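Following the hints, complete the assembly by docking chain B onto the known chain A.
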Amino acid sequence: MIHSLHKSFRVLSTSAAFGLLLAAAPQAFAATPADTLVEGFAIDDIITIDPGEAFELSTAEVTANCYSKLVMLDPSDTSKVIGDLAASWTTSDDGLTYTFKLKPGLKFASGNPITAADVAFSFERAVKLDKSPAFLLTQFGLTGDNVADKAKATDDATFTFTIDKPYAPSFVLNVLTATVASIVDKKVVMEHAKKVEKTADYKYDTDFGNEWMKTGYAGSGPYKTVAWRANEAVIMEANPNYYGEKPKLKRVIYRHMKESSGQRLALENGDIDVARNLEPGDLDAVQKKGVLLTSAPKGTVYYFSLNQKNKNLAKPEVVEAMKYLVDYDAIGATLIKGIGEIHQTFLPKGQLGALSDNPYKLDVAKAKELLAKAGLKDGFTVTMDVRNTQPVTGIAESVQQTLAQAGIKLEIIPGDGKQTLTKFRARTHDIYIGQWGSDYFDPNSNAETFTVNPDNSDEGKSKTLAWRNAWDVPKELSDASKGALLEKDSAKRAAIYEDLQKKVLATSPFVIVFQQTEVAGYSPKLKNFKLGPSFDTNFVYPVSKD
Amino acid sequence: MAVLRFFVTAATTFLGLLAVTFFIGRVVPIDPALAIVGDRAPAHVVERVREQLGLNLPLYEQFWIYLKQAVSGDFGTSVLTTNPVMADIARVFPATIELATIGTIIGALLGVPLGVLAAVKRGSIADQVVRVIGLIGYSVPIFWLGLLALVLFYARLNWVAYPGRIDIVYEYTFTPITGFYLLDAIWQGQWDVFWDLFRHIILPGGLLGYFSLAYISRMTRSFMLNELSQEYVVAARAKGLSETRIIWFHALRNAAVPLVTVIALSYAGLLEGSVLTETIFSWPGLGLYITNSLQNADMNAVLGGTIAIGVVFVSINLFSDVLYRTLDPRTRSR
Chain A
1 MIHSLHKSFR VLSTSAAFGL LLAAAPQAFA ATPADTLVEG FAIDDIITID
51 PGEAFELSTA EVTANCYSKL VMLDPSDTSK VIGDLAASWT TSDDGLTYTF
101 KLKPGLKFAS GNPITAADVA FSFERAVKLD KSPAFLLTQF GLTGDNVADK
151 AKATDDATFT FTIDKPYAPS FVLNVLTATV ASIVDKKVVM EHAKKVEKTA
201 DYKYDTDFGN EWMKTGYAGS GPYKTVAWRA NEAVIMEANP NYYGEKPKLK
251 RVIYRHMKES SGQRLALENG DIDVARNLEP GDLDAVQKKG VLLTSAPKGT
301 VYYFSLNQKN KNLAKPEVVE AMKYLVDYDA IGATLIKGIG EIHQTFLPKG
351 QLGALSDNPY KLDVAKAKEL LAKAGLKDGF TVTMDVRNTQ PVTGIAESVQ
401 QTLAQAGIKL EIIPGDGKQT LTKFRARTHD IYIGQWGSDY FDPNSNAETF
451 TVNPDNSDEG KSKTLAWRNA WDVPKELSDA SKGALLEKDS AKRAAIYEDL
501 QKKVLATSPF VIVFQQTEVA GYSPKLKNFK LGPSFDTNFV YPVSKD
Chain B
1001 MAVLRFFVTA ATTFLGLLAV TFFIGRVVPI DPALAIVGDR APAHVVERVR
1051 EQLGLNLPLY EQFWIYLKQA VSGDFGTSVL TTNPVMADIA RVFPATIELA
1101 TIGTIIGALL GVPLGVLAAV KRGSIADQVV RVIGLIGYSV PIFWLGLLAL
1151 VLFYARLNWV AYPGRIDIVY EYTFTPITGF YLLDAIWQGQ WDVFWDLFRH
1201 IILPGGLLGY FSLAYISRMT RSFMLNELSQ EYVVAARAKG LSETRIIWFH
1251 ALRNAAVPLV TVIALSYAGL LEGSVLTETI FSWPGLGLYI TNSLQNADMN
1301 AVLGGTIAIG VVFVSINLFS DVLYRTLDPR TRSR
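Those protein sequence lines, which keep their order, are chains A and B.
Residue 1 is where the first sequence starts when you use the working numbering, and the numbers rise one by one after that.
Residue 1001 is where the second sequence starts when you use the working numbering, and the numbers rise one by one after that.
Next up, chain A with everything else stripped away, as it sits in the complex (with noise of 0.2 Å):
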């Protein structure tokens, strides 16, 4: 065998080169399929898509467009609120019960019809599952022994559900829109349900679903999920029985892409039609290529943090000084250019009462002046953990150079997101630089976690931001932001959310430094993408192609 090596060789070597050559020849390239939509997008937060337990931004998106609700935002004007699923709703004298009716005739892409007993379902199961969303509805006093009874079907089409606190109701209507109060379909749930062991602290017997509802699908949006891996895509088909008016594309499909560059790359020789995750230098260049951009202002805020555990970052006047060491315009200008604007209050534009208040400009002398009053004339050496994605990168060295200016020598840990946030919740961070998205579409998300902090010890149980970094919140600004959440009147509740965010401004250990924009480029094929006002309302239904 081994006798004619030299003659295998010479064919085997031959053909190998003949095929790099094949591969050489130029190509027709392959667009994606007319009746499909394809988007580039960094979707590696994801970890389940079961409504019932998701609590990330990426999920949210997903189970928009494949789930409904009783209720959603108005597209036109996110402070409002129209029915979803429910046609009319009422609230009782004493603010304590709403009652909802369904539209007629819904019904869910597996072919059963939509009841109020599985709405009533939906709710049983998110609060007994207790999974990181829960607490939306927890929070209105709903627990796994009574919620059975406060959140009911009346009739078929008739649903009741019942708080513990005359909260206002735009607060109440608002939470519904979350991802959480999604309605799945009870048959089909309950037919993957698991037999569980009872445990201390898990009563039930059964898994509601939970395991398979991780990668599986028991909804009623105008897109049905057919498949979600992990970190590689998720694929939606239209939902032939979706109630509202139909999808214009038969299947919709998120491919997971991590960097800009390659989404870049992808965007401009057709092999996506979306790009989402695009960083300022490439938005620049795909827009030279004829690529289309559409953007919206998103309820996210970026900031960094001073941990008040440590002394120095503790004194009143260094806070103060802190939020005179940003180059705020020239941040605004280069690093967050298209995909955010400076924004220094904690309430993001578009919620009720949201100030766009910017009164912090670059100032080293009043840095200085304010470091020499606390004591720390010659200043001091800090660290900062910074995940290492941008844009927190880039203004985080930002941050390094002007705090140099006023003799703040600043250490940047660079560390993955993961490693990042475990060091941060557990306290041992001195400056920590994130963002905060809005758990839902209501300003006491952020007020909540801003200004409230009832225990600050390290066994605090309400781990808020202002817990997460030490803050003793004043009395005051907690009463008035617990306060507002039970103000029925929305005007005087929006007063009470600006006032809260003038003062936290000036005195809280939080610098705020801008609201993110989300951008999105894409192929000029496509008819009415568009981006929505939060991730909940980004949906892919109206798009068609030429």
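Certain hints may be false.
[As the list claims (entries may be wrong)] Derived CB-CB ranges, DEER-like:
1) A:198 - B:1024: 33 to 43 Å
2) B:1188 - A:285: 34 to 44 Å
3) B:1020 - A:294: 48 to 58 Å
4) B:1029 - A:458: 13 to 23 Å
5) A:544 - B:1188: 27 to 37 Å
6) B:1003 - A:458: 49 to 59 Å
7) B:1003 - A:459: 50 to 60 Å
8) A:475 - B:1058: 40 to 50 Å
9) A:244 - B:1020: 48 to 58 Å
10) B:1020 - A:192: 31 to 41 Å
11) B:1024 - A:244: 45 to 55 Å
12) A:250 - B:1003: 52 to 62 Å
Treat the hints as calculated values from the structure; they're not laboratory data.
Just so it is clear, the structure is predicted and the values come from calculations on it, not from any experiment.
We put the CB at the ideal spot given by N, CA and C, even for glycine.
Just chain B, lined up with the frame of chain A:
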């Protein structure tokens, strides 16, 4: 006896591998509970998951529990994909094997002849050219060359397909059977799918092939130089055998014995070491799986992947030993 010794060695290797990976995974300053519940989970949910995972137990106890399950074939469930780790590995490993096989085929088919050529024409221009090709392959980092190749062949020239294993279009029409897509496509006679797969694999496969070519051609050259200076070659020449026959039949046959080990090791290296290539080319193989899992503190998946690589490495070593014995009659009697 030799078989027993082999199993003891293999078992010790795996135990060590597991222990090191496990403890490194646990001292990394990332809370694995966060990987399960996500960044925005409330504190009590994080704490409950920590309890469930047994993360509050002492390290050695956690390791003991893991070991007991692993021996019974249960490598746990991946947090990220929610599948059993072994099912995940069975899904991603064929992609890596396919890529590494293409790479090794290219590397061996081109590397051996080039090495022989360089040895025979020692000192000539041809030798120098082969040397430079090898040197570049040795010293240029693959991520750099990979990105450069992507920019050139994908972005500028559009000759090859986007990073990934298969076009989105075919993900619906093509049902793989074995997981080796190229073979599956041939088997099913889906030539358009085969062409698409080929356009995807050729760039990463070619790059890996180039790197293994660099190694194999250098080794071939030195083995061949060694053989060509032997007395039997002089004797063969004296007998009047043709130069082609001396080189390709006599010398290469003797050089082939150590060469098999070199190729096998380079194959094993590609199987475990294509993490960077897989990342750059979004190749859904074992390397990318382990990298993603590591970034998510998904330790069951990382440990499972490490074991899989260990098994492959040990088997390839064993296999090349056996092959060595068949090729070299002298080792058989021992």
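Margin query: Could you work out which of the previously given hints the structure breaks and list their numbers from low to high?
Written below: none
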